Amino acid sequence: MATESNTFDQLDLRLLSALELDGRASFSRLGAVLGVSDQTVARRFRRLSAEAGVRVVAVRDAEHLGQDQWMLRLRCVPDSATVIAGALARRSDTYWIGLGSGGTEIICMTRPRHPVDHDDLLLGKLPRTPSVVEIRAQQVLHRFYGGPTGWLRKLGALDDDQVRALLPYREPADGPARIEPEDEPLLAVLERDGRATYAELQQATGRSESAVRRRLAALLASGAVYIDVEYQSEAIGFPLAAALWITTTPAALHTVGEALAGHDEIAYAAATAGPSHIVVTAVARNTSGLYAYLSGPLGRLEGVQHVEATPYLRRVKQLTYQRPAR
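Going by my numbering, the residue at position 92 of the sequence shown is 126; the numbering climbs one at a time, nothing skipped.
What the hints contain is simulated information worked out from the structure, not anything from laboratory work.
Treat the hints with care, since some could be wrong.
[As the list claims (entries may be wrong)] Computed beta-carbon distance windows for the label pairs:
1. D195 <-> Q339: 40 to 46 Å
2. R162 <-> D195: 54 to 60 Å
3. S244 <-> E336: 42 to 48 Å
4. P161 <-> G209: 19 to 25 Å
5. L175 <-> T116: 17 to 23 Å
6. D193 <-> T283: 18 to 24 Å
Keep in mind the model is a prediction, meaning the values are calculated, not measured.
Beta carbons: idealized from backbone N, C-alpha and C, even for Gly.
Modelling step: build the complete structure from the supplied sequences, incorporating the hints.
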């Protein structure tokens, strides 16, 4: 899938794609793979951070950790959705928050770490919010695409040799994915800056640098944590994103989900329990591109019975931070 942008060029896209593969790679290693100097990489990274909202962050993988995830659809009275979305964005258990339906609907993913957190939000705070007139919650059952598998690789900015050179080697995990209480100081730093140096991590945790290296390597190898890159897709020529709520026949659920994972337009796809069977995030250049996808690749999938599309009016929060209003 080719891309174009009035602001950023192909090298910027290649750098973003490289960071998606290994967000902690040094500027010198990135430069060697991309064929430019480390000073060029550093300069481009600073520019992308300032102008395209690029941040490298650590993310806890709820699926590997066996934790619940929920997709919420909140219908709000007019003029209240922005305030409620902002309050949700400040919670540590929410991500991917967007406004849809002309600004009266909030779409939000939650990943409560403890059952009490889920109960507090769904059974406590939200039902008591007068401006919320309807709550629909769908539990995520299975991820077809997304998480550690980023969307940028579908743009094909890097060749196979570059991808192989950047994919970090992981030692086989010793035991199941698990985050221990003593890992929290380490993750607190990495969730703010996934490129934090080992010296910074050592200072924050009080552990030796070798201990920090070993523990971070173990967390990454087990899948408990992955390093991701956040960015504004409009900066690379894809300003339109939409949530698609897809109903399938029971027998077609898995085959449809697997097919969706291979579509260039799909940045995230998961099976859910609720009114719809699959929820996806589709990314497009414009409304014509979204229409072409709905009527073409998606419309031709056997087993799809119903599709509801909710274009995002504005994205409020990505993985870990709230986006500024424009």
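Going through the hints against the structure:
1. A C-beta distance of roughly 43 Å is found between D195 and Q339, which places it inside the suggested range of 40 to 46 Å.
2. About 56 Å separates the C-beta atoms of R162 and D195, a value consistent with the hinted range of 54 to 60 Å.
3. Checked against the hint of 42 to 48 Å, the pair S244 and E336 fails, with Cβ atoms roughly 54 Å apart.
4. Judged by the Cβ atoms, the range 19 to 25 Å given for P161 and G209 is violated: they are separated by roughly 39 Å.
5. Between L175 and T116 the CB atoms are about 31 Å apart, so this pair departs from the stated range of 17 to 23 Å.
6. Checked against the hint of 18 to 24 Å, the C-beta distance between D193 and T283 comes to roughly 39 Å, which is inconsistent with it.
Violated hints, in rising order: 3, 4, 5 and 6; the structure is consistent with all others.
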